[in-house]
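S.K.: Each chain, written out:
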Amino acid sequence: MNQFLAASSRAFQWSSAVASSRAARRAPRGGIPTVIVLVAGAIIVLNYGLLYTGSVFVLSACYAIVTAGMAVQIGFSQQIAFSQSVFFGVGAYGVAMLNTHYNISVLPAGVIMVVAAGLVALLLGSVVTRASGLALAVATLMLPLIAVGYVSGTGFLGGPVGAPLNGTLWPGSGSTTLIALGGGLIVVVLLAAVVFIASRILSSDIGLELFVLGVDERTAASLGVRTPRRKLELFVLGCVCAALGGVAYAGTQQFVPETVIDPTTELALLIMLFIGGRRSVIGAVIGALVIQYLQGASNWVSVNILIVEGLLLTVVLLVDPEGLSGIVATGIAWLRGKSALAVAGAELAAAGTPAGTADAGREAPDELAGLPLSSVGPAGALADGTLGISAVGISAVGDGRQAEGTAGARDTALLEVRGVFKEYGGLSVLHDVSLALPGRGLFALCGPNGAGKTTLLNVIGVSVAPSSGEIVFAGADITRRAPHERFYLGISRTFQAVHLIKGRTVLDNVAVACLASHTASIVTRIGRSRLDAARAKAARTLADLDMAHLADREVSSLTLEMQRMVELARALAPGPRLLLLDEPASGLSEEQRQRLATLLATLAERTCVLLVEHDLALVAQVSERIFVLSGGHLVFDGGPADFRASPVVNSLLVGS
Amino acid sequence: MKFGNLLIAGITTGSIYAMFAVCVSVWYRVSNILNLAVGDFAMVGALGVDNLYRVKGLPLPVAVVTTLVVVAVFAYVYDQVVLRIAQDGRRPIEGIVVTFFFTFALSFFIDGAAKVLFGTDVHAAPTLWSGPALTLGSLNFERAGLLVLACAIIIGGAFWLYIRFTLGGKALEASGENSTGARIVGIDTRQYRRLIFVGTAVIAAVFGIVESPITGFTYLSGATISLTGFLAAAYGGFRKPGRALVAGLFIGVLEAMLGGYVSTQYGDTVLYAILAAAILAWPRALGFESAVSG
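Going down the list, the protein sequences come from chains A and B.
Per my numbering: the first sequence = residues 1 to 656.
Per my numbering: the second sequence = residues 1001 to 1294.
Derived contacts from chain A toward chain B, CB cut-off under 8 Å, selection only:
hint: 1; residue: MET142
hint: 2; residue: GLY149
hint: 3; residue: LEU311
According to the in silico footprint, chain A covers these stretches of chain B (three or more CB under 8 Å from chain A):
hint: 4; segment: 1075-1086
hint: 5; segment: 1092-1098
hint: 6; segment: 1101-1107
hint: 7; segment: 1113-1125
hint: 8; segment: 1272-1284
Note that these hints are calculated values from the structure, not bench results.
Fair warning: this is a prediction, and the values are worked out from it, not measured in the lab.
Every residue gets a Cβ at the ideal spot worked out from N, C-alpha and C, and that includes glycine.
Looking at chain A on its own, in the form it has when it is part of the complex (with noise of 0.2 Å):
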């Protein structure tokens, strides 16, 4: 009882430290860098409004908005599409034809030109966003390219000259400097509300399934993440802001040479993206305006610029790959090093020592190692008496979603494989697999290297199709879902190689699982955040697990056990009704085996838990049916007892 005491009380602290943190960050999410450059912008714009820095400022603005848009595009979710110039082309070109041919004056024409844009991101985003990684960068580079040709081909948007404009950003008539100022205000303006947009989207629960989706779409899939729809909510964004910066480009310096749509414009926004820092919104407006302004620095720059760029790009990677933004919240945390120490050191004392809790969770295994291995068996017996703490915690991470499931589900499966065959060229890798599982408890797949037990677990779980057969999952049929429908009709899964998102906290791992926005659009997210949510519900889920004290660790600190603690956390906290578990013992030593056991066992009591394992004596231990794979072929299906006493298994299994 001590242990759930603990348990409670260190969840309790992490409950009360979300709530004294929320209580203390006042501001609303990107409220900050939005007045920064609201206010510096006003500032420098109705003060050096005619001057030289006043132009260059509001030049830089125009990029500006465009580099704000790939910072979350291309450097928080790695989505690399070398789109932009060309929709900066759009917004330009399209205001610069409306204003001249057919009158519209520039701010009509560029709501016009931005809605547009919008529509064709739209269309060549659902072909394009098909790719993903280098194909996605290759297949949009070809974008410039063509622009490009078209453009000095054709007379109508003045070719290699370029096209005029006759009206100016300033909607009203009035002196050149109240257009000037005017201009130059609204271009802030906009800057401040891409920047607002593109903040308030990275800081929400969706910023957290980009940055999962930039790491690695497969892990991110399997998550929930609806990959295809966020890739293509993604290409749109970065078009949408580059015809908003085209838009004001061509409303402020009334005239668009052929070079915005050149290849060199892509470059030059790449590089002032990854100067200020690739994955921050302020960073990258600060990288439009070091570049823009270097250009003007001294006459020598300004001949070399092309030196002074490709050194400053160089030295500024080198020192942090996150940028001059980087540099700066390096300099930061330095400086606020030693206070925040010190106030670390305090909450710990009062908190007590962390390596109370190892020793609590320690007491299981110990208490286990007394029982004779044949006595432990199948999983309830355990759960009862030793780890009945435990069980009452995991039940209270279960949703309403695995409520319904779990009624009665002992007497109808809730999976069924049927009749599955999967090849890979000519390569037979399942062989008319057929089993059913119910809605609790707890099954082991074994068989040796290359039976096909990952390729099963795939199919069931990761939408690998198979070349035949059918996977019914609570009476639907579910063999050519995807990846994030499964997981939302409540399969998780943990892999072989422990696949955790790196330069996160343990409890954003988890709370990825958490997110439910599978149905939410990026923008919904400007709104309302759900992150606090998805957060609280990851605290209750670690601390359940009595791994509270982990939940502000990141994930490549921790130990292999941990990890692999990390990955079931985050497979349990969405309250999963099919649990697919894939090695979970390998690299782990015997004591943290059982421990393991323990908790496997407690689970299966509310969940259907398949276990794949290389470890016999783990799976007899805890499972409670057996199936063996060899070749492909399903050779075994039976209780413990048959498994240890079948000669199939005996020589398949142990006498190799």
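Let chain A serve as the given structure and place chain B on it in line with the hints.
M.R.: Chain B only, in chain A's frame:
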């Protein structure tokens, strides 16, 4: 015989693309970095020889050797300074920053330096084998083009022999398959990263020298060459030099055919559209899936 002459032109430019693509993909295998400065080394080769020979008045062989030595030393120093800090330190930089942006910055730096050293006009290295075009029936063979083809065959063949039949080549292949695994069995992958970087820089410079009489170079020509090398390497899946070679030849021939039969003005536009469509249609077959995870 329009087709035959277009084919010859296509194979000539294609072999240039192919060599740069091989340079990009061989180095990507060992370093996981895309060399976007490969074209800039070619530009330095051409303009450097031109400058030393025509302006400084050095004898041609001396000019060629000096230029190649300068390129090699520069590449060596760059690896020792920048790439060593970026990749071999306690905190190696990963992901797109190191894959694209260090060589991207290098490309800017080289272009800027070339502008200072060689000016902004169009120049070319002197033709190493001058004379009128050779004819065979109605087919015309430009001597400069034949020289390019000969270089491609000799250098490409030597490269293939090296990878296929020497221990160094095997180590290189191992580093490409699995860098960590190669390191565990005692292969110094950093040494190969340096060796191949310097080697491909010199090869690129040689190609710049033999190619420039055909096209003429300015200090900004490097980016276009890098782009074609990058594209052809992309269609070889970035890690497969053999496929990059075929892709380079194919793109060269396709470009010549589109220019000859479809439209001189919009030929390139159509080419790029076809290339983009090919990626979207068959990303797996073109080797992009494996490149993505790398």
